[in-house]
Structures are given as structure tokens and as C-alpha cells.
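Undergrad: Letter by letter, the chains look like this.
Protein chains: 2
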Amino acid sequence: MKYLGAIEGGGTKFVCGIGTAEGEIVDRVSFPTTTPDETMANVIAYFEDKSLEAMGIGSFGPIDPNPGNSTYGYITSTPKPHWGNYNLLGALKERFDIPMGFDLDVSAAALGEATLGAAKEQSGCLYMTVGTGIGAGLVKNGQIVNGFTSPEMGHILVRRHPEDTFAGACPYHGDCLEGLAAGPAIERRWGAKGFELAPDHKAWQFEAEYLAQAFANLILVLMPEKIIVGGGVSKQLHLFPMIRSRLTELLNGYVVHPKIQEQLDTYIVPPGLGDNAGLTGALILAKQALQGR
Amino acid sequence: MKYLGAIEGGGTKFVCGIGTAEGEIVDRVSFPTTTPDETMANVIAYFEDKSLEAMGIGSFGPIDPNPGNSTYGYITSTPKPHWGNYNLLGALKERFDIPMGFDLDVSAAALGEATLGAAKEQSGCLYMTVGTGIGAGLVKNGQIVNGFTSPEMGHILVRRHPEDTFAGACPYHGDCLEGLAAGPAIERRWGAKGFELAPDHKAWQFEAEYLAQAFANLILVLMPEKIIVGGGVSKQLHLFPMIRSRLTELLNGYVVHPKIQEQLDTYIVPPGLGDNAGLTGALILAKQALQGR
Chain E
1 MKYLGAIEGG GTKFVCGIGT AEGEIVDRVS FPTTTPDETM ANVIAYFEDK
51 SLEAMGIGSF GPIDPNPGNS TYGYITSTPK PHWGNYNLLG ALKERFDIPM
101 GFDLDVSAAA LGEATLGAAK EQSGCLYMTV GTGIGAGLVK NGQIVNGFTS
151 PEMGHILVRR HPEDTFAGAC PYHGDCLEGL AAGPAIERRW GAKGFELAPD
201 HKAWQFEAEY LAQAFANLIL VLMPEKIIVG GGVSKQLHLF PMIRSRLTEL
251 LNGYVVHPKI QEQLDTYIVP PGLGDNAGLT GALILAKQAL QGR
Chain C
1 MKYLGAIEGG GTKFVCGIGT AEGEIVDRVS FPTTTPDETM ANVIAYFEDK
51 SLEAMGIGSF GPIDPNPGNS TYGYITSTPK PHWGNYNLLG ALKERFDIPM
101 GFDLDVSAAA LGEATLGAAK EQSGCLYMTV GTGIGAGLVK NGQIVNGFTS
151 PEMGHILVRR HPEDTFAGAC PYHGDCLEGL AAGPAIERRW GAKGFELAPD
201 HKAWQFEAEY LAQAFANLIL VLMPEKIIVG GGVSKQLHLF PMIRSRLTEL
251 LNGYVVHPKI QEQLDTYIVP PGLGDNAGLT GALILAKQAL QGR
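Chains as they are written, first to last, in UniProt numbering: chain E, 1 to 293; chain C, 1 to 293.
The hints are simulated quantities; they were obtained by calculation from the structure and are not laboratory data.
These numbers were taken from a predicted model, which means no experiment stands behind them.
Don't take each hint at face value.
[Stated by the list, open to error] Here are the computed lysine to any residue pairs in the SDA-like style, where the Cα-Cα straight-line distance is at most 25 Å:
hint, chain 1, residue 1, chain 2, residue 2
1, E, 120, C, 261
2, E, 80, C, 257
3, E, 80, C, 248
4, E, 120, C, 120
5, E, 80, C, 93
6, C, 80, E, 236
7, C, 80, E, 254
8, C, 80, E, 262
9, E, 120, C, 67
10, C, 120, E, 67
11, C, 120, E, 257
12, C, 93, C, 120
13, E, 80, C, 146
14, C, 80, E, 257
15, E, 80, C, 262
16, E, 93, E, 183
17, C, 2, C, 93
18, E, 93, E, 120
19, E, 80, C, 255
20, E, 2, E, 25
21, C, 80, E, 256
22, E, 80, E, 12
23, E, 80, C, 252
24, C, 120, E, 146
25, E, 120, C, 146
So that you can see chain E by itself, here it is in the shape it has in the complex:
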């Protein structure tokens, strides 16, 4: 039986797996993200004896997701050492002559959730990860939505919580969303990691404020069918009601729709696929590549 290959390439680890067009993962392995040469040697060795029909790759970014471009399939301007301007898709195509789909890791996760996860009853969704960094991807009608390049939604500007004096941790923008609300910001601000902080710690008021602002803006701009929040923060289930409550205040009745006014508890949710959203989405990317979409 021929399988589909899936890669979830993150800044910390690369998860590789094989599975079916229905999104079933039948095997998986993971490698630390070191240099491209070393990491990709591990990836290629894993897939070499598998009989694959197609491959889907969700990669950390920024990437170039547009097939028309000369840098399509590259990790482009990442500050991560060794990986800037790296032709990730090219390294795989050199070894495997099969159809391949390539997109941002969070966009692949959005595709997984929209196809088989928390948004499978919807025509699309926004998937946001809040962890070491913040990123988000959008799916509409079963397809990932990109512009002239893939989105970088984690770096939108938010308003500072009035009691927050932390300067912000983003090397580019200081106190953008990621700079104020990703894991490193929590750790530097409070001297402890998020999972070490009690549910009634003030950290979560700040976190809910920033994520609610982000979702208010993303709703007004994208009106996504559903919002799915993954990454480390999605394990903090007490945060979800806080985000929903503050979001309702911020929108203040302006968006008149049952999703926002009556169904917010099922509109902003953790991933239906748990930690499998990214790898499942990569399988769907592989399936779409096979179908020539």
C-alpha cells in the first residue's frame, strides 16, 4: 500500500510521518531542528524506504508559498541561524520525484482542523498557535489562503494592557502581539513559564487581553468560520472563557451574527486534532498535491 508523507517542520523539531488521504497517521518520528544539512538528512533517511505517492510539508516561516516564484518552497528571511534563504522543498524534490504540497506550518494546521478537526463542519477556519512564537493560518473552502506571501499574523500591533510594563520580546517590533503574548514574553515578564503559573495569576489577564484584541481584529478583517487556538497556551483551558469574555466587550455588539453573539463557546476553541493538527494538515497538503490542486 502506498502512503502519503507528511512533514511538520518547526523551529525546534521536525515531525515526519506517513498516513492516508483520509488523514490517518500510521507512523511518525521526530528530529531536533539543528542545521538544514543534518536535519534534512534525518528527514530523507526516514522517508527513503517508504513507498510514497505524494508529500505535504508545513514549515516554520517566513516561507515563500507561491508556486510562481523563483523562491517557491524556500524558508526565506528567518533569523534562525543556517535556515535563512534555504530551499527546503528543493532538498526534498532532489530525492523524491513525487507531487509535493508546501505551505506554512500554521496554515497546514488550519487545513488539518478545517478538514478533519474542530472546523470540519465549517467551510474554513483560522488556526493560531501561541507558543514559542505566535502565528496563524487561514483556510477557506478547503484551501489555504495566502497573499503575495504567507501571513505573519503573530506580529500585529496590539494595545498594551494598562498595567503591563514589560518592554516586549520581539526583536523586530518589541511589543507586537508575539512580543507581548508568546511564551518567551510570559517567561521574561514573570520569571516562570506559563504552565508554572496558577490559573488566577495576573499573567492570564494580560494574555487574555492580548489574544482577545488579536481575535477582535482578525474577526473584523477575516470573519473566519471558526477560530482554533493551538500551541502551549491551548493547554491552559481556563484561558478560553477569559478570552471570550474580553472579546465580547471589545466587539461590543458590533458584529451581529450568531457565531459571535450566541455561539462564542464553540467559535473559539482548542484544536480538535490536539497536537496532530499540523501533521494531519500536511497529509491533506499531500493529497491536494496528488490531485493537482
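On the provided structure of chain E, position chain C as indicated by the hints.
TA: Just chain C now, kept in the frame of chain E:
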């Protein structure tokens, strides 16, 4: 010869016209927006003796743009007296048995600019109007992009300019983008309308700050192929270099792409179609309806 009908339905006036599938406007007329009955009687009387193949409508919002919904074609939750929950498309369909396209006014303008205006060489664009209110629409691959409803980008949150003490003019959000940067905010803050203020007036520093923040966020979320700024503010040409300069500071080199790094002068621009963007876009909506898209 059969023409296409076009309606640009605004909160102040309804512009109606006829034209060709190539976007040529051959006749136009305009009526003040009063009650729905009176306004629509004028609209219907104008089109009654025209021989039309199809009609396109760009309407002020919020509207329901999704054909699957029972309120498709309605102006939904507007605070404008008499127009809330008004079946605009239904009133037209009752009189004219022809294909009709219906969407938000700014989305229609984006479609006009993407097809025949400043973004005709691009695969899409974002069109923002800054006037009595602020709104924006997105086009990708020749199609208007909506979510569970049409976007309301004018109400995104921005950070207050440190010297700005004006409370904001939005009845829902106070100091959202529209509340701080639309025409009424300028007039109430400075006691004069925008066109009465000299190019070196501090008003324009505030305006550039708020619009640059909005475009920074919209770029990070949508990565639109081009940004087109219409409405009254687009007549203030001195504002464009101020917005571009502040936007470059805010993004701080994070979005690595020639559009942002080298071509910002042609990336954020006034409408190529001037005040015809909306009506031209409505003609394209009519053409798409005729083609069954």
C-alpha cells in the same frame, strides 16, 4: 444593445449607472439616500426603461453577502434609520428578473480597482475608503473574499497617538480606527473638515499614524497584492508619503519582499479609477453574475 446595470449604494447617496462588461460607464445618475422606499423607487425608475442583461450592487454595510443565507442581499445591522434588516437585493429582484451580483460597496470598489484600476496588473488588492466612515474590501484572483459575513475592517483597534486626547467618534468602540481616523473624528477633534486643514497641520500626523498602523496589521494578516486608498482622504496626496514612511518604521524590516522594501510608492496608492471604482466594480459584479460565477 444590452447593458449591465450598476448600483453603488452609499449611506449618503445611491449612484446608479449602466455600462459594459468591459467596465465602460455610459450613463449615470445619483439620488440622496433617504428612506428605503423613496430611494429604491428612484433606483427602480432609473433602470426601468433600460434594457439590462444583469445587475451588480455594491452596498453600504453591514450586509449579508453569502448566497446560502436566508438574509442574503440584506443590509443587516446598520444603525442608519430605516435601513436595518432591509432586503435590498429582494427589492430589485422583485422588479428585474435578471442575474444580480451583490456585495459590500468597498468590496465592489476593490473588484473595480483589481480588474481595471490601480491593481489591474496584480492578482488582487485591498481597497480602503477613508471618508465619513472607514471600510475595506479584499479581492483575490478576481473574486471578492468574504468570511461568514463581509469584513468590517474599519473597526480594528489601533494604538492611540501619544498626543491624541480625542475620545474617539465610533458609537460602538470609541477609539477604533474609524473612531479616530474617519472624517467625523477629524472634524470633531480639530473643529474643521480635513480638506480645510493645511498639509503641515498636526491632524495629518495623527491620520498617518492610524492609517499606517492599520496597513501594517492588514499587510501582516492579508499580504494583499496592492493597497488602494479611496474616499475623501485619498484627495490629500501629501498624506501618502507620510503613511508609507511610518509604515516602514512600524514593520521595521520584518516583511522581506520587494513590494514592501522597494516598491512602497506604487504599493499604497490612490484609486486608479478615481471616484469610479465603486460603480465600475458593480459592473464587474454584474458581469460575474451573468457568467454565473
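Undergrad: Of the hints given before, which are not true for this structure?
TA: 1, 4, 5, 6, 11, 12, 13, 16 and 18
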